[in-house]
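Numbering-wise, the sequence shown is residues 32 to 125 according to the working numbering.
If you are wondering where the hints come from, they were derived from the structure by calculation, not from laboratory data.
Each hint should be verified, as a subset may be incorrect.
Unchecked claim - Label-pair distances were calculated between CB atoms; the ranges are:
1) Y50 <-> E112: 11 to 21 Å
2) K84 <-> L53: 41 to 51 Å
3) S70 <-> G108: 50 to 60 Å
Claimed, not checked - Using 30 Å as the maximum straight-line C-alpha spacing, the simulated DSS-like pairs for lysine-lysine come out as follows:
4) K68 <-> K84
5) K114 <-> K97
6) K69 <-> K84
7) K84 <-> K37
8) K91 <-> K68
9) K84 <-> K114
10) K91 <-> K69
11) K65 <-> K84
12) K68 <-> K114
13) K114 <-> K69
14) K97 <-> K84
15) K69 <-> K97
16) K65 <-> K91
17) K114 <-> K37
18) K114 <-> K91
Since this is a predicted model, take the numbers as computed values, not measurements.
We put the beta carbon where it would ideally sit given N, CA and C, even for glycine.
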Amino acid sequence: MGERIKQYLIYALIIALGYFVLSYHFIYFGRSFKLLKKSRLNLNYTFYSLDNKSPETVLKVDELRKDGIGQLMLELGLISEEKLEELEAEYEDQ
Numbered sequence: 032m033g034e035r036i037k038q039y040l041i042y043a044l045i046i047a048l049g050y051f052v053l054s055y056h057f058i059y060f061g062r063s064f065k066l067l068k069k070s071r072l073n074l075n076y077t078f079y080s081l082d083n084k085s086p087e088t089v090l091k092v093d094e095l096r097k098d099g100i101g102q103l104m105l106e107l108g109l110i111s112e113e114k115l116e117e118l119e120a121e122y123e124d125q
């Protein structure tokens with residue numbers, strides 16, 4: 032009985048971990064990770080690095096832009112508010 036409960040707990044932990052990975056973008060910048068909530072569960076752009084990428088390159092990715100990566104880049108000081116608004120308007124039209 033105890034072994035069976037232990038197995039179920041391990042399965043529950045694995046499922047919870049999988050759900051967590053499907054729910055967030057793990058954005059790597061410098062030496063740290065930032066979490067960005069996904070709008071829907073998937074594995075697209077789960078791990079994404081901002082290192083050596085221009086704001087234009089990052090904001091071209093529809094999923095990241097819609098999930099709010101522009102605001103995160105603004106908080107990290109990678110882009111100005113004016114430039115962010117300009118790029119978001121440009122890519123929303125496409």
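Now the hints, each set against the structure:
For the pair Y50 and E112, the supplied restraint of 11 to 21 Å is violated, since their beta-carbon distance comes to about 34 Å. Between K84 and L53 the Cβ separation comes to about 23 Å, which falls outside the hinted range of 41 to 51 Å. Checking the proposed 50 to 60 Å range against S70 and G108 shows it is violated: the Cβ atoms sit about 25 Å from each other. For the hint pairing K68 with K84, the CA-to-CA distance comes to about 21 Å; that is within 30 Å, so the pair holds.
Proximity of K114 to K97 is assessed by CA-CA distance (about 16 Å); at most 30 Å being required, the pair is judged to hold. For the hint linking K69 to K84, the alpha-carbon distance of about 21 Å falls within 30 Å, and the restraint holds. Proximity of K84 to K37 is assessed by CA-CA distance (about 45 Å); at most 30 Å being required, the pair is judged violated. With a CA separation close to 18 Å, the supplied pair K91 and K68 stays within the 30 Å bound.
Of the supplied pair hints, the one linking K84 and K114 holds, its CA atoms being roughly 15 Å apart against a limit of 30 Å. A hinted pair counts as satisfied when its Cα atoms are at most 30 Å apart, and K91 with K69 qualifies at roughly 16 Å. Using a Cα cut-off of 30 Å, the hinted pair K65 and K84 holds, with the two alpha carbons roughly 16 Å apart. For the hint linking K68 to K114, the alpha-carbon distance of about 23 Å falls within 30 Å, and the restraint holds.
Under the criterion of a C-alpha separation no larger than 30 Å, the hint pairing K114 with K69 is consistent with the structure, at around 23 Å. Under the criterion of a C-alpha separation no larger than 30 Å, the hint pairing K97 with K84 is consistent with the structure, at around 18 Å. Simply put, K69 and K97 have alpha-carbon atoms about 9 Å apart, close enough for the 30 Å limit, and the pair holds. Taking the CA atoms of K65 and K91, the gap is about 19 Å. The hint holds against a cut of 30 Å.
Distance restraint check for K114 and K37: the Cα-Cα separation of roughly 53 Å exceeds the 30 Å cut-off, and the hinted pair is therefore not satisfied. A C-alpha spacing of about 14 Å is found between K114 and K91, which places the hinted pair at or below 30 Å, so the restraint holds.
Consistency with the previously given hints fails for numbers 1, 2, 3, 7 and 17, ordered from lowest to highest.
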